[in-house]
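Asks: Here are the chains, one letter per residue:
There are 2 protein chains.
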Amino acid sequence: MTEAVTARAPGGAQAVRRALDVLHCFHDNGPDLSASDLARRLELSVSTAHRLARTLLGAGFLEQDPRTARYRLGPAVTELGRLSYHQRGLHLAAPELADLAERTGATADLALRSGPHAVIVAGGSVTPKVGLRRPLHSTALGKVLLAWARPGDGGPESLPPLPAFTDRTIVEPAALEAELVRVRAEAYALNDGESAHGVRTLAVPVLDGAGYARFALAVRATPSLITAERTEWLLTEARSCARALEVLLLSPAERRPPAR
Amino acid sequence: MTEAVTARAPGGAQAVRRALDVLHCFHDNGPDLSASDLARRLELSVSTAHRLARTLLGAGFLEQDPRTARYRLGPAVTELGRLSYHQRGLHLAAPELADLAERTGATADLALRSGPHAVIVAGGSVTPKVGLRRPLHSTALGKVLLAWARPGDGGPESLPPLPAFTDRTIVEPAALEAELVRVRAEAYALNDGESAHGVRTLAVPVLDGAGYARFALAVRATPSLITAERTEWLLTEARSCARALEVLLLSPAERRPPAR
DNA sequence: ACATGCAATCCCACATCATGGGAAGCAAGT
DNA sequence: ACTTGCTTCCCATGATGTGGGATTGCATGT
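Protein chains in written order, with numbering that gives the first Met the number 0: chain A, 0 to 259; chain B, 0 to 259.
Please keep in mind that the hints were generated in silico from the structure rather than gathered at the bench. Note that CB positions come from ideal geometry on N, CA and C, so glycine has one too. Mixed in with the good hints there might be a few duds.
DEER-style ranges, computed between Cβ atoms [as the list claims (entries may be wrong)]:
(1) GLY210(A) x LEU56(B): 53 to 63 Å
(2) SER223(B) x GLU231(A): 54 to 64 Å
(3) GLY104(B) x GLU176(A): 40 to 50 Å
(4) LEU247(B) x PRO94(A): 15 to 25 Å
(5) HIS85(A) x GLY88(B): 34 to 44 Å
Which residues of chain B face chain A? A partial, calculated answer using Cβ under 10 Å [what the hints assert, rightly or not]:
(6) GLY29
(7) SER33
(8) PRO65
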């Protein structure tokens, strides 16, 4: 389940790929994982999982609870994460998102693409949804990231399963493709209860100069807040925020020209 | 230079350790690194560096500038970093630090230990010093982390070089040991121009129930702000903040009892 | 235009290094 | 006391990562 992340790349790797898969194991849920847990999840022998964990431990990418001997993400991850967070300028996004959330009364989320997932990297609410990983096909954020995907990242054909979360989730690849055509045509994505009931989301892209989505910006609330009448206004607000984020997050060379 | 991080651990690793070293390369300086750069820094063959980079790329831990083909930290790092940041509750620390900074007029920094470095993970100022990595022996933060080091992390003997940054930097292991005795006795660390001229820093630990420092909290300013008369007051403020952080960052089971 | 240098990328034979089975040691549950 | 499940270490096997070299492409300098 956790291994579709690193599907390809047959050349010269295995230990490394497995070690990185170990790190990715720590997304899913809360508590610390034991070496045996890791072995089970990744379908490795206990020996191998244990050895990988020890190596990651020695490099600070994992740390071990002294009581339970279980592993969790270590200081090196926090360290590199903070570094890349600032390198991307994401700390500049928080005030903009907070402002958008306040004006609209909704939750504002900024996500980027990581392989087959949309990852929320900054949020306009206090709720720590940040760090959350959502599938691309069942979220407005994901649809935006797919609709304007960079060639190297792979389009919708690169994500085989398409699991259903509600009865509205798009599971047919053809239906997803059609939806993406609509998203590109209307320049926004809508998610109406496709990942969870009672949640409606609008998302717009943060585009770079080449026309690809570097980030996706979402406004999320209950359906009563995101009505047909308010949609146009919400989109205007969201697009204005996305425009601001283009300036804040992208270097001048990466940005698209001011006039469209 | 960048390799003292992963000194030991002879058993069952190499590819993995090297790959993690590649990630650690992205601390030091700003711009993206080419595969050849990595090979030079880590003293690897270009083939190997290139292969490791491609593997990390495939897993999303690196990304490649389409123009220059150089590498930088990828979305998976941002993703895992945000996750571990929130798992550690570090987003709760920012308001406390801002408050401390405002009350004292100084800069407030929170750091944790990552191998032989103190890493600033949250700051009370707008200045993005966050993510910065400082040596343990030449900073107040580092002295605190060393003085109350957890057994598994290694004491001062685990960091061989001790480079000098100013004429005041402690370079003798014996002198550092003596300084740590003083730090433990007085329950705070002082750095008076040992890492850079014209900067004075006070640091206190954020202790867990076992008496080890989980974090270090520093108040940093010009010497004119941190005078002998103000030291006691600044320490009271800092310790009060550290106490609050103990509650915010540590689970009840990890905390030490309220009364000392 | 041509030569030169540097870097990315790919290929392949070799032997080093990761692999997983096994077993010892420990803790907790039945 | 017996069982269960875990961490941890050891070790023979061969799969896997290694680095030299060849190729291509993109600059820069002449």
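Asks: In ascending order, which of the hints set out earlier in this document are inconsistent with the structure?
Replies: The structure breaks hints 1, 3, 5 and 7; every other hint is satisfied.
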